[in-house]
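Mapping to numbering that gives the first Met the number 0: the sequence shown position 71 is 70, numbers consecutive.
Think of the hints as simulated: they come from the structure by calculation, not from any bench. It is possible that some hints are incorrect.
[Claimed, not checked] Derived pair list, reagent style DSS-like, types lysine-lysine, alpha-carbon separation capped at 27 Å: (1) Lys-143 / Lys-107; (2) Lys-188 / Lys-143; (3) Lys-37 / Lys-107; (4) Lys-102 / Lys-124; (5) Lys-175 / Lys-150; (6) Lys-112 / Lys-167; (7) Lys-120 / Lys-9; (8) Lys-112 / Lys-188; (9) Lys-155 / Lys-120; (10) Lys-120 / Lys-188; (11) Lys-37 / Lys-149; (12) Lys-94 / Lys-37; (13) Lys-112 / Lys-143; (14) Lys-128 / Lys-99; (15) Lys-99 / Lys-124; (16) Lys-37 / Lys-102; (17) Lys-94 / Lys-9; (18) Lys-173 / Lys-149; (19) Lys-155 / Lys-175; (20) Lys-112 / Lys-128; (21) Lys-112 / Lys-94; (22) Lys-120 / Lys-143; (23) Lys-150 / Lys-188; (24) Lys-150 / Lys-9.
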Amino acid sequence: MAQYIVREYKSEDELNWLDVHASVMVDSTAWWTVIHQKPSYENETIDLVVETEDQIAGFITTEINSEVIDFIQGEYGFVWEFGIQRDHRGQGLGKQLIEKTHKLLREKYGIDKTIWFSQDKEAQKYYEKLGMQEIERHWQFSVKPNSNLKKNLLEKGFNCWNMRGECKVEDFEKVKDNFELIEDDHALKPRLCIGYSYQPQE
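Modelling step: build the complete structure from the supplied sequences, incorporating the hints.
See the structure below:
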């Protein structure tokens with residue numbers, strides 16, 4: 000039986016981390032672009048991996064008080080990256096990563112709350128199973144620019160093929176009335192993104 004350890008990410012892990020990230024992306028609709036280097040963030044992070052036999056099996060990256068959202072009260076960790084490679088799922092590794100993250104958040108920053116967002120339905124079910132509380136939802140989508148917008152952009156030297164964006168749930172019908180949504184591309188089609196707040200029960 001495989002033995003797993005949760006540890007901090009190291010710079011020499013990057014290629015292995017990217018390989019696992021790409022594998023997780025294949026199975027999820029949470030991402031719509033492939034990344035070619037590990038992202039960096041403005042604030043401090045808690046950056047963990049779970050490893051077996053010198054190979055990464057999963058990851059979690061949490062930024063302290065990320066400025067990507069502005070409606071959360073108090074301090075929190077914003078989870079940017081989280082996933083388990085398919086061959087290692089079903090063994091509680093995701094929960095181990097989350098528990099270790101919260102332990103470090105409490106010890107290093109006095110924080111007991113993480114914020115999560117996903118447009119992947121399986122991820123949403125997993126978060127709800129863990130007891131996360133929904134805090135927000137919005138639509139994410141890509142559109143083809145209409146002729147007037149494309150003309151305005153071309154005058155500025157920019158030939159725009161499509162645009163990525165989001166809107167409030169109540170504005171989605173308005174968006175559909177005014178823009179041509181890209182719906183035939185699996186990665187770019189409109190999806191409902193749900194935000195969660197998580198404070199583990201001691």
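Verification of the hints:
1. Pair hint Lys-143 plus Lys-107 does not hold up; C-alpha atoms about 45 Å apart against a cutoff of 27 Å.
2. For a cut-off of 27 Å, the pair hint linking Lys-188 to Lys-143 stands: about 12 Å separates their Cα positions.
3. Distance restraint check for Lys-37 and Lys-107: the Cα-Cα separation of roughly 23 Å lies within the 27 Å cut-off, and the hinted pair is therefore satisfied.
4. Using a Cα cut-off of 27 Å, the hinted pair Lys-102 and Lys-124 holds, with the two alpha carbons roughly 23 Å apart.
5. At most 27 Å may separate the alpha-carbon atoms for a hinted pair to count; Lys-175 and Lys-150 meet this at roughly 20 Å.
6. Between Lys-112 and Lys-167, the direct Cα distance comes to roughly 24 Å. Compliance with the 27 Å bound is thereby established for this hinted pair.
7. Our distance criterion of 27 Å between C-alpha atoms is broken by Lys-120 and Lys-9, whose separation comes to about 31 Å.
8. For the hint linking Lys-112 to Lys-188, the alpha-carbon distance of about 31 Å lies beyond 27 Å, and the restraint is violated.
9. Restraint check for Lys-155 and Lys-120: not satisfied, since their Cα atoms lie roughly 39 Å apart, outside the 27 Å limit.
10. Under the criterion of a C-alpha separation no larger than 27 Å, the hint pairing Lys-120 with Lys-188 is consistent with the structure, at around 14 Å.
11. For the given pair, Lys-37 sits about 33 Å from Lys-149 by alpha-carbon distance, which is inconsistent with the 27 Å threshold.
12. With a C-alpha separation of about 22 Å, the suggested pairing of Lys-94 with Lys-37 holds against the 27 Å cut-off.
13. Taking the CA atoms of Lys-112 and Lys-143, the gap is about 38 Å. The hint is violated against a cut of 27 Å.
14. A threshold of 27 Å between alpha carbons decides the hint, and for Lys-128 with Lys-99 the separation of about 18 Å falls inside it, so the pair holds.
15. Using a Cα cut-off of 27 Å, the hinted pair Lys-99 and Lys-124 holds, with the two alpha carbons roughly 21 Å apart.
16. For the hint pairing Lys-37 with Lys-102, the CA-to-CA distance comes to about 24 Å; that is within 27 Å, so the pair holds.
17. The hinted pair formed by Lys-94 and Lys-9 meets the criterion: a straight-line CA distance of about 21 Å does not exceed 27 Å.
18. At roughly 19 Å between alpha-carbon atoms, Lys-173 and Lys-149 fall within 27 Å of each other, so this suggested pair holds.
19. This hinted pair checks out: Lys-155 and Lys-175 have alpha carbons roughly 26 Å apart, not beyond 27 Å.
20. Distance restraint check for Lys-112 and Lys-128: the Cα-Cα separation of roughly 17 Å lies within the 27 Å cut-off, and the hinted pair is therefore satisfied.
21. Between Lys-112 and Lys-94 the CA atoms are separated by roughly 15 Å; this keeps the pair inside 27 Å, and the hint holds.
22. For the hint pairing Lys-120 with Lys-143, the CA-to-CA distance comes to about 25 Å; that is within 27 Å, so the pair holds.
23. For the suggested pair Lys-150 and Lys-188, the alpha carbons sit about 24 Å apart, so the restraint of at most 27 Å is met.
24. Of the pairs offered as hints, the one joining Lys-150 and Lys-9 is violated, with about 47 Å between alpha carbons and a cut-off of 27 Å exceeded.
Violated hints, in rising order: 1, 7, 8, 9, 11, 13, 24; the structure is consistent with all others.
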